[in-house]
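A.B. asks: Spelled out from the first residue to the last, the chains are:
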Amino acid sequence: MSAKANHYDVIRKPLITEKATMASEDGAVVFEVAIDSNKPMIKEAVEALFGVKVKAVNTTITKGKTKRFRGQIGRRKDVKKAYVTLEEGNTIDVSTGL
Amino acid sequence: MQVTETLNEGLKRAYSITISAAELENKVNEKLTEAQPDIEMKGFRKGKVPMALLKKQYGQKLLGESMEEVIDAAMGDHFEKSGDRPAMQPDVKMVDGETWKEGDDVNVEMSYEALPAIPEVDLKSIKLEKLEVKADDASIDEALANLAETAQDFDDRKKGTKSKDGDQITFDFLGRVDGEAFDGGTAEDYPLVLGSNSFIPGFEDQLVGVKAGDEIDVKVTFPAEYQAENLAGKDAVFSCVIKAVKKPVAAKIDDELAKKFGAEDLAGFKTQIGERLEEEYAGAGRAVMKRGLLDALDKLVSFDLPPSLVEAEAGQIAHQLWHEDNPEVEGHDHPEIETTDEHKTLANRRVKLGLLLAELGQKAEVEVTDAEMTQAIMNQARQYPGQEREFFEFVQKNQQMQQQMRAPMFEDKVVDYVFELATVTDKEISKEDLEKAVEALDKE
Numbered sequence: 022m023s024a025k026a027n028h029y030d031v032i033r034k035p036l037i038t039e040k041a042t043m044a045s046e047d048g049a050v051v052f053e054v055a056i057d058s059n060k061p062m063i064k065e066a067v068e069a070l071f072g073v074k075v076k077a078v079n080t081t082i083t084k085g086k087t088k089r090f091r092g093q094i095g096r097r098k099d100v101k102k103a104y105v106t107l108e109e110g111n112t113i114d115v116s117t118g119l
Numbered sequence: 008m009q010v011t012e013t014l015n016e017g018l019k020r021a022y023s024i025t026i027s028a029a030e031l032e033n034k035v036n037e038k039l040t041e042a043q044p045d046i047e048m049k050g051f052r053k054g055k056v057p058m059a060l061l062k063k064q065y066g067q068k069l070l071g072e073s074m075e076e077v078i079d080a081a082m083g084d085h086f087e088k089s090g091d092r093p094a095m096q097p098d099v100k101m102v103d104g105e106t107w108k109e110g111d112d113v114n115v116e117m118s119y120e121a122l123p124a125i126p127e128v129d130l131k132s133i134k135l136e137k138l139e140v141k142a143d144d145a146s147i148d149e150a151l152a153n154l155a156e157t158a159q160d161f162d163d164r165k166k167g168t169k170s171k172d173g174d175q176i177t178f179d180f181l182g183r184v185d186g187e188a189f190d191g192g193t194a195e196d197y198p199l200v201l202g203s204n205s206f207i208p209g210f211e212d213q214l215v216g217v218k219a220g221d222e223i224d225v226k227v228t229f230p231a232e233y234q235a236e237n238l239a240g241k242d243a244v245f246s247c248v249i250k251a252v253k254k255p256v257a258a259k260i261d262d263e264l265a266k267k268f269g270a271e272d273l274a275g276f277k278t279q280i281g282e283r284l285e286e287e288y289a290g291a292g293r294a295v296m297k298r299g300l301l302d303a304l305d306k307l308v309s310f311d312l313p314p315s316l317v318e319a320e321a322g323q324i325a326h327q328l329w330h331e332d333n334p335e336v337e338g339h340d341h342p343e344i345e346t347t348d349e350h351k352t353l354a355n356r357r358v359k360l361g362l363l364l365a366e367l368g369q370k371a372e373v374e375v376t377d378a379e380m381t382q383a384i385m386n387q388a389r390q391y392p393g394q395e396r397e398f399f400e401f402v403q404k405n406q407q408m409q410q411q412m413r414a415p416m417f418e419d420k421v422v423d424y425v426f427e428l429a430t431v432t433d434k435e436i437s438k439e440d441l442e443k444a445v446e447a448l449d450k451e
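Protein chains in written order, with my numbering: chain A, 22 to 119; chain B, 8 to 451.
Treat the hints as calculated values from the structure; they're not laboratory data.
For glycine and all other residues, C-beta sits at the position ideal for the given N, C-alpha and C.
A few of these clues could be false.
As the list claims (entries may be wrong) - Below, computed lysine-lysine pairings styled on BS3-like, alpha-carbon distance capped at 30 Å:
#1 B:K62 with B:K100
#2 A:K40 with A:K76
#3 A:K88 with A:K40
#4 A:K101 with B:K49
#5 A:K84 with B:K55
#6 A:K86 with B:K55
#7 B:K19 with B:K38
#8 A:K40 with B:K443
#9 B:K171 with B:K100
#10 B:K306 with A:K102
#11 A:K60 with B:K49
#12 B:K169 with B:K254
#13 B:K297 with B:K351
#14 A:K25 with A:K86
#15 B:K38 with B:K49
#16 B:K404 with B:K306
#17 A:K40 with B:K351
#18 B:K254 with A:K102
#19 B:K443 with B:K306
#20 A:K86 with A:K74
#21 A:K98 with B:K55
#22 B:K443 with A:K88
#23 A:K101 with B:K63
#24 B:K241 with B:K226
#25 B:K169 with A:K40
#26 A:K34 with B:K68
#27 B:K62 with A:K40
#28 A:K102 with B:K241
#29 B:K351 with A:K34
#30 B:K306 with A:K34
As the list claims (entries may be wrong) - Only part of the chain A face toward chain B is listed, based on derived beta-carbon distances under 8 Å:
#31 T38
#32 E39
#33 T42
#34 M62
Pulled out of the complex, with its shape left as it was, chain B reads as follows (with noise of 0.2 Å):
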């Protein structure tokens, strides 16, 4: 086996390698004598199958196999000896593929781009600001009476008020098609909220302006595609009576709501608040903080990128932005997206910033471990109720989908390591600050 390079400039590189033919064969006869004790054939006992009449049986099919398994050898040991590691999957192209045939010398072509040598990073360097921003008592109270808002109660209204959209009302009623009550339509003293949707479209409309006491007919027609088929399409008559007729109140802040939503007392349910808002901030905080680590990170160090990948990420970006602006467009059957400048700075950055932080991850033995992996997969498959089981044996058979769940943790951790290293200092700033902060994140 030759190895001769042909190529190598910036980061791209090209080999010819050269295997002879007797050291192909010298593999495929190596297989041969591995399975020789298993085969069997007519005429001969188990094993007992002259060399020969194997060669001529599957020498062919093993040529192939060996000369792969030869090349990717050939492949691993230089990369091994030259230490380079490729971006991507080495193109390897046969010199004479054509006209080969057994016997021959071959000659394979390889060529790739090699990752780019990563300078040493001092992390200390780096300055970061932590923002931190005290929850206080009035973005507790503005996050308190958002939450009363939602767990609305309805008063009375005065006697003989005429009902309103948005109003509940407690009424009985009766249905009936063609003269026949039927399953499910009828109840009583049920409580419903005018505008809430929730019975079939035309009911709570003619319930507006009906005052407690009084006795309607309410006709509506069952849309065709109801789920009881019995009923789909008919007409029917609800004759309802109207016991009350109540407005919609915001909900006290008082111990009572802190109740309802699970708390002690209200004090109690005020620090509850304060700490998932600050939990709130602090996720937001280290958004920042992580912004500015890339960005420095991303000043601090150049180094040559293969242009494969940028071009490759380049790509993937312009993609992805132009199926947001042509959200029309389902499939991936449109014409080819043209990069542009802004797209490939965006793509410079990024595969710099993800070289940068795999070989910093590496270094560290940053490393994520199957018990976090098997919590992000139960957190994920949380959002599909009843299907967990389901979504968790999916991702544990796909590798990809690992890999795609796995990334993102071990850029996180990574950026956690990096924190402890650099240089942090503590700045309390206000809520307004740290939202101004999020949204020019947001922005780029």
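Isolated chain A (complex conformation) (with noise of 0.2 Å):
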């Protein structure tokens, strides 16, 4: 599968932290992802810009905080995570970028 314009816009960026490396140890990658995407879509993209195979998607939405800015009450974005297993003897470096 070849990948689409469309594909860079649903994976924004690799998320590189503590709970990231631990999911990769059993071979999963974290990513932030586009507020609009569903799992088959992150799916395909995975797949096509990386050229591996993916087992599962999980996304989680972490709600922005509320904060105050000059006493006026604001919010900050959503932010739509996903953890993707990769079928065994894929991996996905991380830290080089695409």
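With the hints in hand, could you dock these two chains into one complex?
C.D. replies: Below, the structure is given as structure tokens:
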């Protein structure tokens, strides 16, 4: 499957955190993804962009914090994260970039 | 790590050091493990950054550092094992510097000149003459006369005698610019030595040839760069009333003069001068003896000298001499100076004696203590009145400066030490002979 332009819109960036490192031990990679994407879209995009087989995708939405700025109440944007588990034998080096 | 000798010729040494990739990596890992607990990174709690990530982030930077350290350690090891002491900083270069990449073994070529082994010197066999000069009455009197001249008095001239250059006149004056008196332009009974240039140019000249009781107007122009701005460049008229004209007289050598110099009476002053003279002679005698010692040492021992040191020294001598010959060139932007054979012989001697003295000092554990160092710095600081503090701090912060001051002190102490061991015979000579000996020193 070749990469298409909209694939790049789905996946924003890889997340490199302590939790992500822990997940990588089970063959999973964590990405920040577009808020309006769904699991099949994410699976397609990861397979196309990194050339790997995806076993499963779990997503979660982290709600943005409510913040005050000069007394006005504002809200930070929500972020969707995807925990992408790869089929055995597949790896993604997240720290090198696309 | 492997060290192989590639050159061993005279004092020249060259080695090739091979450091395996694994060794280098170990070093990097070691460094990372050490630093890990203190690293903070976004997304991780402090000290929880995984090793793999750290290596990716900081590995490159640490690699260079580790390489340097490993090579340094290898060199240090080598010097310890072989007992060689390099004459200068060893020349180190990587064999495949351009093409080297991570994971390769590191090949380093190191070359240096070893300091020669310095043979034992039997210091007792050195025979020296200590020149001693007693300050005799004649030279004390001479010194006294010299002092008296500097402390000249002035005596009244006969009435009506005209003043001459060098005379002291006492006079009142009132200065006016444009008919107005100005600040600092008046004085009464002012003693002025003609020709002493203590007044503005032209003033003293016009007072030559006056008599006591004269009243004259002195017309002068203040110089353009006069310190008082309102007067600079203006014409001024000074009306002067001459009160007395005095001629210079050499001070009489008596108790009065002695008191002027802070002594009790003339006899005491004479002993003081005698002591000072003898101190001076002792200093000169020591210089002669030191030269004798250095000559003796020079003859006594011989060993190979590291050519790079000799060349550096010869270059420096040539450079210095060139500057003395061409005082008009202040900077260092002149062509390369050729060293001649003469410079080289001199350099040879200096390097040899320098090495020898350093070795002797080290063996005898001669050291310049901090207290002595501080003393020396204080002495130097006194040359900069008002800025002693700054100078003191400057020296304390400046390693090179300290080194520069420490070196001659060390040399002196070593020389003292050798004097103690060597066979020294006292020899009393006359002042003239000592002077000749000192002159002979200066000629070389």
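A.B. asks: In ascending order, which of the hints set out earlier in this document are inconsistent with the structure?
C.D. replies: Per hint list: 7, 8, 9, 10, 14, 16, 17, 18, 20, 22, 25, 28, 29, 30 and 34 violated.
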